[in-house]
Amino acid sequence: MKLSRNFLNDYIDTSNYSDYELAEAMTMIGNEYETIEKLSSATKIVVGYVEEIKDHPDSDHLHVCQVEIAPGEVTQIVCGAPNVDKGQKVLVSLPGAVLPDGEIKKSVIRGVESNGMICSLTELGVDPKYTGETREMGIYVLDKDAPIGEDGLKYLGYDDTTIDFELTANRGDLLSVLGMAYEIGAITGTKVKLPETKVKEEVDDIKDYVSVNVETDKCPLYLARCVKNLKIGESPNWLKARLMASGVRSINNVVDISNYVMLEYGQPLHFFDHRTLGNKIIVRQAEKDEKIVTLDGQERTLSEQDIVIANEEGPVCLAGVMGGLNSEVEEDTTEVIIESAIFNSSNIRRTANKILRSEASSRFEKGIDPKRTYMAIDRACYLLEKYAGGTVVKGLQKYDTIDYKENIIEITLDDVNSLLGIKFTNDDVLDTFKKLSFDVKVEKDKFIVNVPSHRLDIHIKEDLIEEIGRIEGIDKLPSTLPVTANTPGHYEDKYYFNKLVRDRLTSLGLYQVKCYTLTDINSLNRFTNDPKDYITIASPMSEDRKYLRTGLLPSLINVVNYNTARKNNDIMIFEDSDIYYLENGVTTQKSLVSGILCGTLISNDWHKDKIVIDFYTIKGILENLFEYLGFTNRYHFDTVDLPKDFHPYQSARITIDRDVVGYVGVVHPSISKNRLYAFELDLDKLFNVKVRGIKNKEISKYPTVVKDFAFIFDRDVVSSDVCEVIKKACGHILDKVEIFDYYVGENIGSDKKSIAFKLTFMDPTRTLNDEEVMQLFNKAIDSVSSKFNAILRDK
Amino acid sequence: MKEKQEKIRSEFSKDLESVKTTADLNDLRIKYLGKKGLITELTKNMQELSIDERKEVGRISNDLKNELTEEMTKLESSLKEKELNAKLASEKIDISMPSTKVSVGGVHPLTKICDELEELFISMGYDVVSGPEVEIDKYNFEMLNLPKDHPARDAQDSFYITDEELLRTQTSAVQVRSMLKNQEKKPFKIVCPGKTYRRDADDATHSHQFMQMEGLVVGENITLSDLKGTLEEMARKMFGRDREVRFRPSFFPFTEPSYEVDVSCMKCGGKGCNICKGTGWIEVLGSGMVHPNVLNGCGFDSNKFTGFAFGIGIERIAMLKYGINDIRDFYTNDLRFLKNYNRIEGGDK
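Going down the list, the protein sequences come from chains A and B. With our numbering applied, the first sequence has no gaps in its numbers, which climb one by one up to 795 at the end. With our numbering applied, the second sequence has no gaps in its numbers, which climb one by one up to 1144 at the end.
Derived by calculation from the structure, the hints in this document are not laboratory data. Please note that a few of the clues may not be correct.
Chain A is faced by these chain B residues, among others (derived, beta-carbon under 8 Å) [claimed, not checked]:
#1 M841
#2 E843
#3 P927
#4 K933
#5 D949
#6 H1003
Quantities reported herein were computed from a predicted structural model and do not represent experimental measurements. Here a beta-carbon is modelled for each residue, glycine too, at the ideal position from N, C-alpha and C.
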């Protein structure tokens, strides 16, 4: 809401407050201001009279003017404007004047002395969107009767400041200068003066001009009056300036008055040309697919939810939003029917959201005080009589179903203090209501408050408590902590589990990233064998952000690409996030953790240290995570059913207790040219794995016996299968089997590979003897040889 | 005899001077103390002497032996030290050469902020709970006193999925879930961190996806002062111990009264600077006393219970705390950006 201070000053005295003080004080009672701007920042502007004009001797476009800048005082000014002429009243900036583009100084222009500048409005800093001024139009010419020597800005009403407030959605009453005056009155303690509405003379009878038929329950109040004999013309300067300072462009005196009254009372009005409207107003809900061309020339297709004002031929106005082109006030209009009404705010809001938001709709949406509906229509008549030469027709057509029940709320001092935790007194409470002009009766310890009708936001005692806190201020509010049962705080179990996983992954060298949930269609159902029924946004902002992602890896690949493009080549990242999809049509949530690694894990070039990330690095990281989560001996990597976005021969499926929990491997080269190692795990499944508590494991005091052997196998024998066979052959005395060498090469045959195993035997209760170890060792050799058709190479 | 003794002694002194290494010293030891050494020589032909003379020779040679041994031992330890030093010197490395980087990861700065806040609130007895990002209109708006077609919905342009389902626009939705879930309607304190979404075009200060942490306390006799005290703790934890908190009246449909909360500027301390635009205060969050409609709607009798709620914008806190100018940086995930936050907090805490 752009508040013009000159406009405000008509209704309340705020002379003790500077613009800044007023804006700050309003902010502190909950009406935050955004900007404070002068309508014109120019100084030293006077009304001048062009007495004489000659061509500049040394220029083909400059003029040398003799300008009277104060009664009897003439000065010479060189002016380049094409429209400057003898006998004009003009705006002169005198030497020392500061304009938005700089200071005006006495100067000599091509040999001719010049003592100032004749200005356009744009040069004074007035936005051309309000004045329609262009560069070619030259200087601004004032009315003939402008008094010579007077302050030019004051004469035009441009000595004004606009404070732009960002209002909260509950304060529809503040979308009006009067509402602002009441609010500011609560700060200044000064009284509000209501505008003049009494017309001089009324003629005829409204019944002979128009009738009103309301056929919908979405219009509880509809008033109509008529003003005739209007003369359309320019608005007076002060009116133009007020509108400008309020962010509205001046059109003509009649249209301007309709806007002015809306700004004043917050009641949008509509003026119909009586010629095109006819004598019958019908307020009804639109028919399906009914059409109307609005004032802006657009054809709008309506639905039953929209409310229209119609005559017998069809709609003439989209109620509460915008007038129809067919009944618009035109240059030759002489008779208008004024509408002042209230429409259902939900309907207006829906219509406005669908079709067009306007100054009117934003006010109807937030609610209107019906008393102002009456005041505004009379005010419009008054102004049309005074500034547009109109004659007001006697009487009012009205349709009124409003229940004018008083809004009475009871409250006690204890209610106030026990909610705020502050010690206000009875006087503080009374002071608030007085400042806000709320009627209040005191009965014992109760305040009985009669809330004025313009405060549509106040319904319950907490609303009144807010008013007291707001107006009295809560600077002295003490700081305390809630007194509640002294119980420890907890993380939700799954949230905490997620945190543990995250902390482990970061300690393993991975950085956590955060990506967008919304994604494009190509990123859905990748890296999975279990495609989801994905969720689509009904009104997306773009195709790129239209769907809820079903997995995290496509986002992570984008992060990798972003980083490699910036030469961040060694990348270890993960994201832990929920995904959402439909299962049997029901929105379902699942937690995932995914990661991508590429580049080097450890490197120090001059030192020749380098560990390049490969499958076994990422596998090691996952194993480390699983061990940390207590899944020892329960997780397993195999190559069954790999999703197609993984490399088919360098990837693995991961199971825990035979349940598939995710995949790990190389991103398929068709997706990324870089070798990316990726994993995606189902965090919900990991969370649900039951893990026993930690139990101490006795450290053996007895020596271990280490034996090793190497075998040549067929290429497709899987090492973990061999380890299993060895473990089975040796029993519990075998503490561990490790692979310490691996070889493929010509000298063992291209379809063969050699793997060397180290077996560690140990019994925590005694020293092992060589014979029993050798016996088991040989048993292992026999088993491996026979099970895998392997050839013992070394032992 | 004495002469011989002196001769050996002077020869030894001379020899000792020429010893440069432990090997030289070994040679010397053999020359004097060896089986065929000079001292052994002294005691040769002892049979020819009288018992007293023998005693005398024996004593002298023994003294001499001790004397030489002592000197050689002394020299030996200094030589050994020198030789060790020489060996170590030959192993000298240039410690200024670049190190082998041990890679350690880190959490995202937004997680870091959440972690800090969670730690604080858990220490004050709050539970940390979460809720779904795909939320129903009823929990995200309606039960928060924001009926359909309420103008306050404008501030939260939403990503709707169906008429009834949307991406939550505020973690406040978890308020409703938590109150409904609280079967016994007992007092409670929670914070709810999580992702939220609004239909805003992304630019330096807007993001269609962002994080919030909602706080909610419901109990008997909970007051606005309690909210102030709580938020002061929060401000001091996040922005330094001298921070102050100011309440400015505002409007949120689910709280009454509602307040915007300003924190005294962390840069200038309240004197006024470019960060706080000269006001000395920075807006950090919205809060208020839970609206009776919300309490009653969730089964908490508003005649018995009161409560406060606040919603912290995690990006906003991080941007203020660290001086981040572009909200998109959080979601671009440039590793250089992420790595910058992989350390402990410094400053006054």
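A quick look at each hint next to the structure:
1. M841: violated (57 Å)
2. E843: violated (63 Å)
3. P927: This interface hint holds because 5 Å falls under the 8 Å limit.
4. K933: The hint is violated - K933(B) has no Cβ within 8 Å of chain A, the shortest such distance being about 14 Å.
5. D949: Where the cut-off is 8 Å and the nearest Cβ of chain A is about 7 Å from D949(B), the hint holds.
6. H1003: holds (7 Å)
Violated hints, listed in ascending order, are 1, 2 and 4; each of the other numbered hints is respected by the structure.
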